[in-house]
Amino acid sequence: MANTKELSVEDKLRALYDLQLIDTRIDEIRNVRGELPLEVEDLEDEVAGLSTRLDKLKNDLTVIEDLIKAKKIAIDDHNESMKKYTKQQETVRNNREFNSLTKEVEFQELEIQLAEKQIKEMKATIEHKKEVISQSKEKLDIKSTHLKHKKTELNAIMSETEKEEGFLTQKSAEYQALIEQRLLAAYTRIRSSVRNGLAVVSIERGASAGSFFTIPPQTQVEIASRKKIITDEHSGRILVDSSLAEEEREKMEKMFSKF
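Quick note on numbering: the sequence shown equals residues 10 to 268 in this note's numbering.
Simulated from the structure, these hints should not be mistaken for lab results.
Calculated pairs, DSS-like style, for lysine-lysine (alpha carbon to alpha carbon, straight line, at most 27 Å): (1) K180 <-> K237; (2) K138 <-> K126; (3) K65 <-> K132; (4) K237 <-> K260; (5) K81 <-> K67; (6) K129 <-> K80; (7) K126 <-> K139; (8) K146 <-> K65; (9) K21 <-> K267; (10) K96 <-> K81; (11) K159 <-> K148; (12) K67 <-> K152; (13) K138 <-> K148; (14) K81 <-> K138; (15) K81 <-> K112; (16) K112 <-> K96; (17) K126 <-> K81; (18) K126 <-> K65; (19) K160 <-> K148; (20) K81 <-> K139; (21) K80 <-> K112; (22) K237 <-> K21; (23) K260 <-> K236; (24) K80 <-> K139; (25) K126 <-> K92; (26) K81 <-> K92; (27) K157 <-> K65; (28) K129 <-> K92; (29) K126 <-> K67; (30) K78 <-> K138; (31) K139 <-> K152; (32) K92 <-> K112; (33) K132 <-> K146.
Kindly generate the complete structure, drawing on both the sequences and the hints.
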């Protein structure tokens, strides 16, 4: 490729317009994808969050069920202790020992009542958590199905456009290398500041493309001479004459038609 210092103004204008046509084509490809990549990313995050929450709920359920088992074992132990203390009351030697054993029996009864109350509360918690798990699983299934459809949609678009976008991105870099840094910086700045991304436009019917502002005849002559870089005083866009634009469009269309 030619060195940027060797380019004439006309060559620079052609390179700029070619770059604009390539970048516009890349924009069109990305617009076809639209918000799909972000939608897929958001759905992936949502599905991951729901899966984590579901795992935690299931783990909480296991912990509670283990606690209930432990409480039931404790109740069995308290019942055994009650039997033991009641049996010992049959062989006591005095009231003090009998009263002491009675207190032990009463304590075991209170422990059993407390454990049964806790089991009842934990069973209610389990029922609530099962309901939440069911709702979460339903929501996860819906989101997972939605994600699958969106991924299929995105993959279909990507498979159609990925090769072309890769080729055009490489071409964009090649054309950028042809353009001097100051001019390229101006192109990038203008492109990022306008909604349609058009930094280089042709003169169409006496006005810059996409604009209602007429270009003075003398300026049109200067643009057509291709002796200097001229910008639209209203939009700041770089201007090229319609003949040059048509030539470059035909050239680029041949390149785009490969895909």
